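2 protein chains.
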Amino acid sequence: MRSHYCGQLNKSLVDQEVTLCGWVNKRRDLGGLIFIDMRDREGVVQAVIDPDETAIFDAANKLRNEFCISITGIVRARPDSQVNKDMATGEVELYVKDLTILNASAPLPLDFNQENSEEARLRYRYLDLRRPVMNQRLQFRSKVTSAVRRFLDDNAFLDIETPILTKATPEGARDYLVPSRTHKGQFFALPQSPQLFKQLLMVAGFDRYYQIVKCFRDEDLRADRQPEFTQIDIETTFMSGKDVMSLTEKMVRSVFNELLSVDLGEFPSMTYAEAMRRFGSDKPDLRNPLELVDVADILKDVDFKVFSGPANDEKGRVAVINVPGGASMTRKNIDGYTEFVGKYGAKGMAWIKVNDVAAGLEGLQSPIVKFLNAEVAAQILERTNAKDGDILLFGSDTYNTVTDALGALRLKLGEDFGLVEDKWAPLWVVDFPMFEELESGALTPLHHPFTAPSNMTPAELAANPVNAISDAYDMVLNGCELGGGSVRIHNQDMQAEVFKLLGISDEEAKEKFGFLLDALQYGAPPHAGLAFGLDRMVMLMVGADSIRDVMAFPKTSTAACPLTSAPGFANEEQLADLGIQVVAKEVPAAE
Amino acid sequence: MRSHYCGQLNKSLVDQEVTLCGWVNKRRDLGGLIFIDMRDREGVVQAVIDPDETAIFDAANKLRNEFCISITGIVRARPDSQVNKDMATGEVELYVKDLTILNASAPLPLDFNQENSEEARLRYRYLDLRRPVMNQRLQFRSKVTSAVRRFLDDNAFLDIETPILTKATPEGARDYLVPSRTHKGQFFALPQSPQLFKQLLMVAGFDRYYQIVKCFRDEDLRADRQPEFTQIDIETTFMSGKDVMSLTEKMVRSVFNELLSVDLGEFPSMTYAEAMRRFGSDKPDLRNPLELVDVADILKDVDFKVFSGPANDEKGRVAVINVPGGASMTRKNIDGYTEFVGKYGAKGMAWIKVNDVAAGLEGLQSPIVKFLNAEVAAQILERTNAKDGDILLFGSDTYNTVTDALGALRLKLGEDFGLVEDKWAPLWVVDFPMFEELESGALTPLHHPFTAPSNMTPAELAANPVNAISDAYDMVLNGCELGGGSVRIHNQDMQAEVFKLLGISDEEAKEKFGFLLDALQYGAPPHAGLAFGLDRMVMLMVGADSIRDVMAFPKTSTAACPLTSAPGFANEEQLADLGIQVVAKEVPAAE
Numbered sequence: 002m003r004s005h006y007c008g009q010l011n012k013s014l015v016d017q018e019v020t021l022c023g024w025v026n027k028r029r030d031l032g033g034l035i036f037i038d039m040r041d042r043e044g045v046v047q048a049v050i051d052p053d054e055t056a057i058f059d060a061a062n063k064l065r066n067e068f069c070i071s072i073t074g075i076v077r078a079r080p081d082s083q084v085n086k087d088m089a090t091g092e093v094e095l096y097v098k099d100l101t102i103l104n105a106s107a108p109l110p111l112d113f114n115q116e117n118s119e120e121a122r123l124r125y126r127y128l129d130l131r132r133p134v135m136n137q138r139l140q141f142r143s144k145v146t147s148a149v150r151r152f153l154d155d156n157a158f159l160d161i162e163t164p165i166l167t168k169a170t171p172e173g174a175r176d177y178l179v180p181s182r183t184h185k186g187q188f189f190a191l192p193q194s195p196q197l198f199k200q201l202l203m204v205a206g207f208d209r210y211y212q213i214v215k216c217f218r219d220e221d222l223r224a225d226r227q228p229e230f231t232q233i234d235i236e237t238t239f240m241s242g243k244d245v246m247s248l249t250e251k252m253v254r255s256v257f258n259e260l261l262s263v264d265l266g267e268f269p270s271m272t273y274a275e276a277m278r279r280f281g282s283d284k285p286d287l288r289n290p291l292e293l294v295d296v297a298d299i300l301k302d303v304d305f306k307v308f309s310g311p312a313n314d315e316k317g318r319v320a321v322i323n324v325p326g327g328a329s330m331t332r333k334n335i336d337g338y339t340e341f342v343g344k345y346g347a348k349g350m351a352w353i354k355v356n357d358v359a360a361g362l363e364g365l366q367s368p369i370v371k372f373l374n375a376e377v378a379a380q381i382l383e384r385t386n387a388k389d390g391d392i393l394l395f396g397s398d399t400y401n402t403v404t405d406a407l408g409a410l411r412l413k414l415g416e417d418f419g420l421v422e423d424k425w426a427p428l429w430v431v432d433f434p435m436f437e438e439l440e441s442g443a444l445t446p447l448h449h450p451f452t453a454p455s456n457m458t459p460a461e462l463a464a465n466p467v468n469a470i471s472d473a474y475d476m477v478l479n480g481c482e483l484g485g486g487s488v489r490i491h492n493q494d495m496q497a498e499v500f501k502l503l504g505i506s507d508e509e510a511k512e513k514f515g516f517l518l519d520a521l522q523y524g525a526p527p528h529a530g531l532a533f534g535l536d537r538m539v540m541l542m543v544g545a546d547s548i549r550d551v552m553a554f555p556k557t558s559t560a561a562c563p564l565t566s567a568p569g570f571a572n573e574e575q576l577a578d579l580g581i582q583v584v585a586k587e588v589p590a591a592e
Numbered sequence: 002m003r004s005h006y007c008g009q010l011n012k013s014l015v016d017q018e019v020t021l022c023g024w025v026n027k028r029r030d031l032g033g034l035i036f037i038d039m040r041d042r043e044g045v046v047q048a049v050i051d052p053d054e055t056a057i058f059d060a061a062n063k064l065r066n067e068f069c070i071s072i073t074g075i076v077r078a079r080p081d082s083q084v085n086k087d088m089a090t091g092e093v094e095l096y097v098k099d100l101t102i103l104n105a106s107a108p109l110p111l112d113f114n115q116e117n118s119e120e121a122r123l124r125y126r127y128l129d130l131r132r133p134v135m136n137q138r139l140q141f142r143s144k145v146t147s148a149v150r151r152f153l154d155d156n157a158f159l160d161i162e163t164p165i166l167t168k169a170t171p172e173g174a175r176d177y178l179v180p181s182r183t184h185k186g187q188f189f190a191l192p193q194s195p196q197l198f199k200q201l202l203m204v205a206g207f208d209r210y211y212q213i214v215k216c217f218r219d220e221d222l223r224a225d226r227q228p229e230f231t232q233i234d235i236e237t238t239f240m241s242g243k244d245v246m247s248l249t250e251k252m253v254r255s256v257f258n259e260l261l262s263v264d265l266g267e268f269p270s271m272t273y274a275e276a277m278r279r280f281g282s283d284k285p286d287l288r289n290p291l292e293l294v295d296v297a298d299i300l301k302d303v304d305f306k307v308f309s310g311p312a313n314d315e316k317g318r319v320a321v322i323n324v325p326g327g328a329s330m331t332r333k334n335i336d337g338y339t340e341f342v343g344k345y346g347a348k349g350m351a352w353i354k355v356n357d358v359a360a361g362l363e364g365l366q367s368p369i370v371k372f373l374n375a376e377v378a379a380q381i382l383e384r385t386n387a388k389d390g391d392i393l394l395f396g397s398d399t400y401n402t403v404t405d406a407l408g409a410l411r412l413k414l415g416e417d418f419g420l421v422e423d424k425w426a427p428l429w430v431v432d433f434p435m436f437e438e439l440e441s442g443a444l445t446p447l448h449h450p451f452t453a454p455s456n457m458t459p460a461e462l463a464a465n466p467v468n469a470i471s472d473a474y475d476m477v478l479n480g481c482e483l484g485g486g487s488v489r490i491h492n493q494d495m496q497a498e499v500f501k502l503l504g505i506s507d508e509e510a511k512e513k514f515g516f517l518l519d520a521l522q523y524g525a526p527p528h529a530g531l532a533f534g535l536d537r538m539v540m541l542m543v544g545a546d547s548i549r550d551v552m553a554f555p556k557t558s559t560a561a562c563p564l565t566s567a568p569g570f571a572n573e574e575q576l577a578d579l580g581i582q583v584v585a586k587e588v589p590a591a592e
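Protein chains in written order, with the working numbering: chain C, 2 to 592; chain W, 2 to 592.
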């Protein structure tokens with residue numbers, strides 16, 4: 002029905018007749034003429050209706066915003082004085098020869114010129130998505146998936162689909178369940194990831210697998226969580242972790258290059274231990290120059306228990322963040338930050354304002370300066386590279402509390418002091434511990450129970466599991482985890498040992514993962530992979546605040562859809578078919 | 002870890018050192034040497050181990066089928082006498098310099114050299130998929146999706162994801178339900194198709210949408226049905242039905258061309274009425290030359306109620322299939338076919354063996370020939386183009402019974418008499434009725450309730466709904482429906498009228514489809530689309546018997562997964578979280 006998109010009109014088409022289809026973005030009546038800004042997915046162009054064309058003018062008089070129309074007209078160059086440089090098509094306009102109203106529009110329930118509530122935006126999502134910013138984000142997302150697919154196709158990856166109706170998977174979050182009608186009383190689970198299936202595809206010899214695939218977690222939602230999200234899922238055979246990292250880094254660099262004309266450069270790599278030590282995070286935002294600086298060795302012997310206690314405890318930590326220019330903080334500012342770190346378990350926050358480095362102890366301002374001597378003070382100033390006008394903020398507690406609290410504080414200070422550079426800061430975090438030790442002494446996997454340890458036999462792993470390093474790797478961008486992966490266990494004995502260390506009994510292992518253990522005994526190949534969060538990747542690339550802004554039809558924070566009113570009630574017949582009954586009805590208080 | 006795939010070795014690599022990774026396909030000990038057929042996803046190559054290489058020979062002696070190994074060796078040309086022409090790599094072999102066993106294999110539970118039960122194949126799917134035929138089918142499938150995506154990308158289509166957790170959709174089959182934890186007592190439904198969402202995406206202005214997407218139907222399974230299946234889902238704005246047909250025909254032709262080097266040619270188009278009349282099917286297999294020939298007008302006045310009854314009833318039908326060479330049928334054969342058409346409601350089957358056309362009535366052999374006169378017989382022979390040695394098989398009953406029964410009989414005869422040509426026979430079926438009239442007089446949609454009628458106002462539709470033709474189209478290939486689509490209703494009044502004709506009350510329409518009706522009032526554009534069944538398309542292309550053979554992890558006919566043992570029982574805590582209880586437990590008798 003159209004010859005061109007609105008956004009495609011330009012000077013090369015002057016004097017040509019074109020037909021456009023789209024929506025009335027705005028109508029203005031000016032100097033006896035009617036001007037229509039007409040919009041389609043590629044952009045906006047101005048159409049002009051002359052009162053001499055009586056029939057068309059009458060029709061144009063009926064137009065309101067968001068009417069769906071078709072226009073045939075002649076492209077004209079605008080006089081220099083009327084060129085609109087803010088508009089891609091601003092050098093031309095369309096002189097209308099024919100106008101058809103394809104569908105009228107009632108007045109909109111959303112005002113495009115103001116912020117609308119999330120509930121309203123989701124309820125009228127089809128209108129919200131007409132907004133150019135939203136329309137472009139989803140178009141951009143489509144370009145990302147297309148670029149990713151092309152890269153993987155070109156690298157001999159096969160797109161293989163795995164089931165959505167499957168068995169509970171082991172990622173640890175809550176599963177969505179689906180009652181079975183043919184096996185009454187039993188349930189499928191929606192996959193939290195295709196982890197086990199992709200491993201089985203490697204056992205089956207497909208060599209290189211990928212899938213851009215929906216995954217499901219029934220968790221309480223946060224800004225960057227949704228019940229269903231999309232993963233770029235990758236698995237390879239006969240490749241080392243380094244090979245997988247190199248290949249996927251190349252993929253992400255090529256996507257950024259193609260779609261944003263950004264060269265991310267070679268990604269630096271950092272161990273988990275270093276990331277936690279310097280940045281208090283396993284996904285450090287390297288755009289933020291602040292770092293955690295360890296000073297326990299300097300403060301070991303001071304006569305101040307708050308410092309000397311943790312400094313002499315092997316599970317303790319004493320660390321400082323030096324905030325350049327931070328000496329201007331008021332007492333109230335400092336109290337605010339003290340309260341902030343309190344949320345992470347810190348019982349207080351010592352601080353030192355550095356007024357005059359040259360003046361030694363005299364130049365420092367702090368309630369705790371009395372506990373320090375000149376030498377200690379000098380060492381701290383030197384190590385933190387403090388300058389006049391800076392402030393030093395201290396954490397002193399268990400290793401985990403200091404690391405968490407200062408890691409969070411670092412991010413907040415970076416924002417508050419405008420220190421976060423406007424750039425892309427990718428990195429790899431590697432050498433994760435295999436396990437995290439809970440207070441009970443029990444072990445949980447830092448990645449998942451199929452992650453292989455680095456260069457170890459099952460016996461070596463069993464001898465010292467807490468210190469074992471895994472062959473896992475996370476790709477981090479601007480403080481967000483873009484993706485994570487690992488070399489997987491392909492040896493049945495090793496897999497059995499890991500289950501044992503995790504306290505999974507033989508019976509439970511067999512019940513839950515028996516098919517994987519079975520598969521490992523038939524010549525399972527070495528394999529390794531990685532999964533990216535597509536939603537988050539696109540969100541970062543387009544600069545959106547939430548993954549909801551890069552999904553066509555997201556759910557609310559109570560996992561509902563205001564557009565379709567899902568979820569809804571089932572009827573008795575459906576429930577009887579499934580052999581289930583509803584015993585509790587409850588809707589979230591927020592609604 | 003590898004330098005080449007096994008299947009890539011050829012004469013151009015002679016004298017080069019290569020490293021391969023893969024599986025032991027077969028080991029033979031011959032003339033003091035060990036020969037290993039080594040397999041990966043790209044093919045098989047022969048490796049030779051010389052007893053002089055003692056360490057390697059000892060390792061090779063341990064090899065059994067399906068061990069996972071890595072071999073480094075020198076490519077050698079085979080002597081002419083040993084070239085294996087049945088093997089793509091048969092001109093070369095690998096002289097082994099190094100051999101590593103990456104993983105041993107226990108004896109396999111499946112014997113690759115024989116047919117295995119479906120249950121066993123699915124339970125050990127990761128082994129079943131190692132079979133080259135299965136491995137290649139899934140690789141082929143990946144190439145199909147990739148070719149489809151490239152075509153659609155090149156045609157400005159956007160890949161946009163729609164929700165899996167959504168509201169019950171109107172396709173009419175049973176939904177899979179997902180209990181909500183945050184809205185206890187309520188349920189999501191898994192989509193039977195993204196129909197309404199893709200229409201909303203058109204309202205949102207995305208112009209051209211596609212998605213290769215999982216759809217779900219909780220139906221009793223047949224050979225070509227699965228609980229989850231994959232659709233190539235397409236929707237366009239401002240395109241006519243003809244435009245959509247032309248574009249998607251181009252797509253399918255290009256995929257066949259690219260992957261099978263087959264030119265499907267221009268697709269013929271046939272109305273639904275013609276398809277039913279000539280072939281007794283809305284998806285005629287044009288490889289089969291048999292046709293249904295109407296003869297009611299000829300038999301109107303014969304003194305044989307079986308013919309004259311339906312021939313004079315406007316809802317009746319009398320039709321013939323002429324089977325070339327069919328006069329050789331025995332009485333038992335004929336009884337068999339009579340029983341066969343009985344399954345479709347036919348109360349009997351009249352037949353005439355054509356022994357000698359030139360002899361007129363005398364040349365015909367049949368219990369019913371006595372009811373015919375020479376003129377009637379001659380007319381029938383002429384219209385059916387019968388030759389000596391043919392048999393005429395009659396259907397005489399209501400229009401639907403005759404059409405169904407002879408439609409099915411036609412297919413069976415085509416198979417039994419080897420009449421089905423070995424070729425590709427695509428076509429479009431168009432001009433479907435809007436509605437099917439049930440015996441109760443109620444109307445159901447032949448496609449779905451969002452299908453637009455051809456060139457009609459709501460009032461015209463209401464005046465004569467039974468004869469209304471829709472703007473729908475099906476793509477048929479070799480008697481299978483590859484895809485179907487339609488122009489959609491974009492006018493709120495028309496949509497309301499269709500709901501009304503279908504007996505959907507205002508209240509029900511609002512409850513189920515209110516959001517669609519809402520959307521139509523805000524400048525909804527004209528839109529049209531189509532959806533292909535990807536599984537079936539791939540099945541036809543690779544010549545598999547069942548869509549299960551082109552899916553990585555299909556379910557059994559009772560919708561279970563023998564590999565993961567899904568579905569399974571949920572624990573009390575999970576059920577309590579969801580506010581549901583199991584009240585009936587039951588497993589299918591077949592298990």
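Hints listed in this document are in silico derivations from the structure and should not be mistaken for laboratory results. Errors might be hidden in some of the hints.
When chains are identical, the list treats them as one kind, so a pair holds in a single copy or across two.
With a cut-off of at most 25 Å between alpha-carbon atoms, the simulated DSS-like pairs for lysine-lysine come out as follows [unchecked claim]:
#1 Lys511 - Lys586
#2 Lys98 - Lys348
#3 Lys348 - Lys316
#4 Lys215 - Lys144
Predicted model only: the values in this text are computed from it and were never measured.
Hints, one by one, checked against the model:
no., hint, in the structure
1, Lys511 - Lys586, "between (36 Å within a copy, 23 Å between copies)"
2, Lys98 - Lys348, "neither (75 Å within a copy, 65 Å between copies)"
3, Lys348 - Lys316, "within (16 Å within a copy, 88 Å between copies)"
4, Lys215 - Lys144, "both (18 Å within a copy, 21 Å between copies)"
The structure fails hint 2 only (numbered hints given earlier).
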